[in-house]
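**Student:** One line per chain: the protein sequences are A and B, in this order.
The number in our numbering is simply the position in the first sequence, starting from 1, with 550 added.
The number in our numbering is simply the position in the second sequence, starting from 1, with 550 added.
Hints are computed from structural coordinates only; laboratory data are not their basis.
Quick reminder that beta carbons are idealized off the backbone N, C-alpha and C, glycines included.
Just so you know, not all the hints are guaranteed correct.
[To be verified] Distance condition first, Cα-Cα at most 20 Å in a straight line; then the derived SDA-like pairs of lysine to any residue: (1) B:649 to A:672; (2) A:649 to B:953; (3) A:649 to B:872; (4) B:704 to B:692; (5) A:767 to A:940; (6) B:767 to B:661.
[Stated by the list, open to error] Under 10 Å between C-beta atoms, here's a sample of chain B residues computed to sit facing chain A: (7) 603; (8) 636; (9) 637; (10) 638; (11) 644; (12) 688; (13) 870; (14) 873; (15) 954; (16) 1013.
Protein chains: 2
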Amino acid sequence: MAGTDETHEYDVVVLGAGPTGENVADRARANGLSAVIVESELVGGECSYWACMPSKAMLRPVTARADARRVPGVPRAIDEPLDAAAIFAHRDGFASHWKDDGQVQWLESAGIDLVRGHARLDGPRRVVVDGGTDRARVLTARHAVAVCTGSRAKLPGLPGLAEARPWTSREATSAGSVPPRLAVVGGGVVGVEMATAWQALGSRVTLLVRGGGLLPKMEPFAGELVEQALTEAGATVRTGASVTGVRRPEPDGPVTITLDGGEEIVADEVLFATGRAPRTDDLGLETVGLEPGSWLEVDDTCRVTAVSGDWLYACGDVNARALLTHQGKYQARITGAVIAARARGAAVQGEPWGAHAATADTAAVPQVVFTDPEVASVGLTAEAAERAGHRVRAVDYDLSSVAGAALYADGYRGRARMVVDLDREVLLGVTFVGAAVGELLHSASVAVAGEVPIDRLWHAVPAYPTVSEVWLRLLETYRG
Amino acid sequence: MAGTDETHEYDVVVLGAGPTGENVADRARANGLSAVIVESELVGGECSYWACMPSKAMLRPVTARADARRVPGVPRAIDEPLDAAAIFAHRDGFASHWKDDGQVQWLESAGIDLVRGHARLDGPRRVVVDGGTDRARVLTARHAVAVCTGSRAKLPGLPGLAEARPWTSREATSAGSVPPRLAVVGGGVVGVEMATAWQALGSRVTLLVRGGGLLPKMEPFAGELVEQALTEAGATVRTGASVTGVRRPEPDGPVTITLDGGEEIVADEVLFATGRAPRTDDLGLETVGLEPGSWLEVDDTCRVTAVSGDWLYACGDVNARALLTHQGKYQARITGAVIAARARGAAVQGEPWGAHAATADTAAVPQVVFTDPEVASVGLTAEAAERAGHRVRAVDYDLSSVAGAALYADGYRGRARMVVDLDREVLLGVTFVGAAVGELLHSASVAVAGEVPIDRLWHAVPAYPTVSEVWLRLLETYRG
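Just chain A, same shape as in the assembly:
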């Protein structure tokens, strides 16, 4: 680095100003440490502009209308198509029109410095920011560097894919017109949410899934119910469909997707929702002995285990523990606190469920899929719990048999499962599928993370008649 570089020292240097990075910096500041955050794109990160916020702004009208269609007395014009332009305008507002002034203002109010540019590690505790000017800026960290650079869409290595200009989650959450035909590749959360949104906005959606079903990391019935609903909404779901090629012969023409059997599918746009890759390929990881482009393995305090000296942390998607905004923020709160504790020589409370351990990352990760029906899960699936060596029983209940669900919507369809640890008589995981279960999930998160014994859950009375009464039914079913 040239001698003319500006050098600034901070207690904590954070790479990446998404929700995770913001929360690490905020918790460091709240503990009296100085903090700087480096961002090469928009302050606010993927979640604010190309993920949670715009996608939920597009999906909420879909579920609100679907719910209203399922009750009597509502004017039948509710059955008419959604107004896509109105939804795009709404979505653009929730994405702050892809401007980060509000977030920058928040950083200022929190006393967090912002450096715009591309950050690379340059040995321990040292970060060089290439801001596009002649002079690099050097940031040194008295206590810690936290890598919170997140992830990007991972595209498969298909010939001609780049030339075909596929959508990733970014285009799928920011496009401003409705493609008449949309092919979606991938049956995970992004795939099913975007298939739901665009089908409702007016596209004819074809969802291409390599495996045998949707949402493969969740309980099997979740993907089954979502597949059924997508099909009824008019989408085509193709399981066991491997994409072998994509081409767009004319720049403004349609795209042709080839499946492994040779079949071709023609669409106006194609979304690849085929997983995520860590944004660690150009971070100077090699200067501290780590491999560029790798996920960063951390312990429960989010310290990068392969680097000695308690100074390098990785939070959020980059550590691969749970690629979810709320889980990144959770890790960030813990990381900010543990950096501060180590800085002042205080004891680290790293025992399970301690103040400095992100125990929920392995035991109680919640997730809501904002499809219609919604899917909400926390903790382990029955299969994952068995694989982890627990002695379990999966207790299922059909949500349509719950009075509160029948009142919520005519023809309510849904299902619930709780996974009981038979040795400890606590819950290891819960999954709900159905309308309105997104807000019901937190009851399960409290039960799982709180390790509330089943005997005590009997005293948590669900209000009648709500969907929540499924809790009583699950407990009764377990008792037998």
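Please arrange chain B on chain A, whose structure you already have, making use of the hints.
**Tutor:** Showing chain B alone in chain A's frame:
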């Protein structure tokens, strides 16, 4: 009693076939005891025909439409009035057209005998049923009699009231046409729910409340937000309005309500939602030393404390612990279990939160008010907690500042409060007001009944972006 009376002996005799009585009998049966249930009206009780079920069937279209109106892209015809006839037909279905065949069938399938008629105690363990025939039927209880006769609407002693044919909750939940003008007397749960329903169905509602605000047993902001919403919906809310007289001069004409200042209000119907009275006035209570018409005081196992011998129980509204269907069912499960335990000489687990103690009745009663916005609360209000001698802090948060709430509805309005026990660092109560909080409540019920420490609640991560994230905000606000 005449010597020709039929006498039958059962392990358990239950008076009243509402959800509470059904559950006592069911739990007794499940524990191997024989059970009979006596009902003078419809099997299924108030809840099934004149309370929860029909009222929620009338209210769900109101909130579903209100929610859909608050998102973009939904056809604007959603703003047109609700179709009252369609809603009445739907409601009638949920009230099983006021026929109890389905419930009778359930009793049969559960092996519970049913006796139709009016039951009166005739000394310890003895019940005489007057079935309208010459011969009374006598039921003797080997182990227990459970009084589950519920409550009825309590009307004030106003001159001319009976002649004016006021509505009670029964008429308000079963009427089949919309009165152009409806006066509602009482600002409790029944009053605000029925004011919300009928205003949305097309009545011009005037809500007359003696006190200073609505929902006086809940946190003050609950009533304030509901009052604001009712007013915006077009209803008139009059607080500090004491009704001194009611008259309906012409049988088919309007009703005139006089207030204590002399002012007169004219309406087509008037609903009195002015509290409940126990249905214990004609139960033969005097034959076991109890006062007819009184609420029946019970211990945590629901045993009537004033009667010796462990044979008389009272569950549900009659014991005045918590006049809510779900709480009656909770008591019933516990009562059925404790009757069985005592019958077989097993130990009674009556310690707080034990299997035979209805501890939630005092510590964790949940309630959802199905207005728009919904009100959901569990446990103690801040005021009640202080009155009970706890050292507490009330932590408030404005729900409109939660991203998931803003996404749920444009202009979302709501508020949350958690009441922290500062000595034990657990929650004593939680109240949410806002759209979709009805299903969020159970998270608070698990936290309160589970006595989950605040330190652990930090590990129960709310999914982003849901309304549930208010939990994170509350915890952050508490931490300061």
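**Student:** Please go over all the hints and tell whether each is borne out by the structure.
**Tutor:** Status of each hint after checking the structure:
1. B:649 to A:672: violated (78 Å)
2. A:649 to B:953: holds (17 Å)
3. A:649 to B:872: Violated. Residue 649 of chain A to residue 872 of chain B sits at ~52 Å, over the 20 Å cutoff.
4. B:704 to B:692: violated (35 Å)
5. A:767 to A:940: Between residue 767 of chain A and residue 940 of chain A the Cα gap is close to 18 Å, so the pair holds against 20 Å.
6. B:767 to B:661: violated (40 Å)
7. 603: Result: holds, 7 Å to nearest chain A Cβ.
8. 636: Interface hint status for residue 636 of chain B: holds (4 Å vs cutoff 10 Å).
9. 637: Where the cut-off is 10 Å and the nearest Cβ of chain A is about 4 Å from residue 637 of chain B, the hint holds.
10. 638: Constraint on residue 638 of chain B satisfied, holds at 9 Å.
11. 644: Interface hint status for residue 644 of chain B: holds (7 Å vs cutoff 10 Å).
12. 688: The hint is violated - residue 688 of chain B has no Cβ within 10 Å of chain A, the shortest such distance being about 34 Å.
13. 870: violated (17 Å)
14. 873: violated (12 Å)
15. 954: holds (8 Å)
16. 1013: Holds: closest Cβ of chain A sits about 4 Å from residue 1013 of chain B, inside 10 Å.
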